[in-house]
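2 protein chains.
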Amino acid sequence: MQELARYISYIEKEIEAIDFPKSPSNLYDPLRYFLNLGGKRMRPILTLLGAELFGETKENALSAALSVEVFHNFTLIHDDIMDEAPLRRNKETVHTKWNQNIAILSGDVLFVKGYQLLVKQNPEHLQPLIELFNKTAIEVCEGQQMDMDFESRQDVTIDEYIEMIRLKTSVLLGCALEMGAVIGNANDSNRKLLYNFGQNIGIAFQIQDDILDLYADPEKFGKQVGGDVISNKKTLLNLQAFQLASKDQKQILEKLSTEKNLKLKIDQTKELYEVIGARAFCEKEMEKYHSIAMKSLAEIQIEDNAKQTLKGLAEFLMKREL
Amino acid sequence: MQELARYISYIEKEIEAIDFPKSPSNLYDPLRYFLNLGGKRMRPILTLLGAELFGETKENALSAALSVEVFHNFTLIHDDIMDEAPLRRNKETVHTKWNQNIAILSGDVLFVKGYQLLVKQNPEHLQPLIELFNKTAIEVCEGQQMDMDFESRQDVTIDEYIEMIRLKTSVLLGCALEMGAVIGNANDSNRKLLYNFGQNIGIAFQIQDDILDLYADPEKFGKQVGGDVISNKKTLLNLQAFQLASKDQKQILEKLSTEKNLKLKIDQTKELYEVIGARAFCEKEMEKYHSIAMKSLAEIQIEDNAKQTLKGLAEFLMKREL
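Chains as they are written, first to last, in our numbering: chain A, 1 to 322; chain B, 1 to 322.
In short, the hints are calculated from the structure, not lab data.
Treat the hints with care, since some could be wrong.
Said to hold, decoys possible - When the alpha-carbon atoms are kept at most 25 Å apart in a straight line, the in silico DSS-like pairs for lysine-lysine are as follows:
| # | chain 1 | residue 1 | chain 2 | residue 2 |
| --- | --- | --- | --- | --- |
| 1 | B | K135 | A | K22 |
| 2 | A | K192 | A | K295 |
| 3 | B | K120 | A | K135 |
| 4 | A | K120 | B | K135 |
| 5 | B | K120 | A | K120 |
As the list claims (entries may be wrong) - Residues from chain B that keep clear of chain A, each with C-beta distances beyond 10 Å, as calculated:
| # | residue |
| --- | --- |
| 6 | K113 |
| 7 | A216 |
| 8 | S231 |
| 9 | K284 |
As the list claims (entries may be wrong) - Short derived list, chain B residues pointing at chain A, Cβ under 10 Å:
| # | residue |
| --- | --- |
| 10 | F74 |
| 11 | F111 |
| 12 | V119 |
| 13 | I130 |
| 14 | D149 |
A virtual CB, placed ideally from N, CA and C, is assigned to each residue, including glycine.
Construct the complete structure from the given sequences, taking the supplied hints into account.
So this is what it looks like as structure tokens:
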């Protein structure tokens, strides 16, 4: 998608232009570093596309788009502390390169920066924009807490898992798009439909992530295939496998969870998930949320032509190589 | 000040009424716990008084007042992690009672809650209120970073120290008052004067804190006298003592910093600070900022009668027992 590349470079340029003071350098150096680690920049692009869908220019949506990206990066800095992650995009995380206190505090500042960007928007849109941003920020934290709580729980249901990924990752896609719709003066119904499109694409995308982690082509995946299996992470595949497994299959799965030979562990888990039907279930779930998303997009009362870029983006997101 | 007690109980009641969801309980239980640990509630009262000064009711300023208190509590939760503090107001801190990840994340949510309260204000005041809140939040983080940086620096100047306490604690008092002024539709000049009153009272109050830590009457102080000396904390007293000390006095001070007999350490440091003139210097500095504050208050173009409560509060704050 050539068009997408233009949006990405527009956002990249504007992120580079975000200005932080020189001092205290322990507060601002980590932010200059982290914001320029790259990333797909999908969220800010959604805000631009949401605004354009309703006839507003991308320039007028820019500060809101950046606020979403800045917020996303704030959550990554704090999540990396909580997950004790040494690397992010193959570079050191903030708490590793500096220290944990600096990661907490520079994250906090970045969060405020998000509000500083958002408040640049037209005053008549401020209340709905900030309310949406607040609600989403709280939901993202709730999702992260659920994810942490799941680590020590053995009774996580499929519904709880879907709710967790909805909160932790998908509501922000809905928020990014709806912000654009607010800036474009869309009516309430269209705003809500666009939000639902984003949220459900987000859920589908996360489910796809779970599937790709195990079934991706190693040549094209870019990170280790089977990472979730190695760390016994609760994913939709894993939860569904345990749900559908026979007593014997459950025993094999439990034995595999302590298997030291990682190649064997991955290969056998992969095969068993297929036999049990967990992979097929996940693919069906993914398609379900994808089609809910596309239905929401179709229902937005605006000429179909205007929706082409968003449709293209949704297709692009869902066509990562298996 | 009986009047003050009425404001405190009004704020206490409204803080108790802040509603958090039940779930995830690991996210919201810490907030219910921490917000009800008490405290002087001076900051929200300043917002109420700021609004009343310009003829607005305290009820109309309430959500902004609560947003300041909620923000203050958010900073305490995160600061307690960074300072590895086990106790706050004689109760366990959040990261001690739960764990560090929960303290990071529930702090983040509380920060958003501050914005949720603020956005309830009249839409026509939103932009100035949020801009002021953002600017202050960033300054408070900068102050905390400076404070942490000072721990490993031996060349902290008096000016840097004053700038650190201005950012870390005083700007929030200015912000609290100015928010009230914005809500009361004060003009720019009056807003700025009220902010300066709060900021300078804040600096005077912090300097008084440094003095009280060593020179307070143990019977009336409520916490251990000499705590800063025991931990060799950089305070205005300490920095100024090293600045004014002769070569011999410097050697004694350095020797005292490793003294194991704590009573001896405190007593001798206390006496030496007086001999050197550090205590007198701090008292003069405190009075300087106090009088800058009172001058700002006097210059606010509004009848003197309306200023009585604020004057009383300033006197109350500055008359803690030595």
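Do the hints match the structure? See the list:
no. : hint                : in the structure
1   : K135(B) <-> K22(A)  : holds (16 Å)
2   : K192(A) <-> K295(A) : holds (13 Å)
3   : K120(B) <-> K135(A) : holds (13 Å)
4   : K120(A) <-> K135(B) : holds (13 Å)
5   : K120(B) <-> K120(A) : holds (19 Å)
6   : K113                : violated (8 Å)
7   : A216                : holds (30 Å)
8   : S231                : holds (17 Å)
9   : K284                : holds (28 Å)
10  : F74                 : holds (8 Å)
11  : F111                : holds (7 Å)
12  : V119                : holds (5 Å)
13  : I130                : holds (5 Å)
14  : D149                : holds (6 Å)
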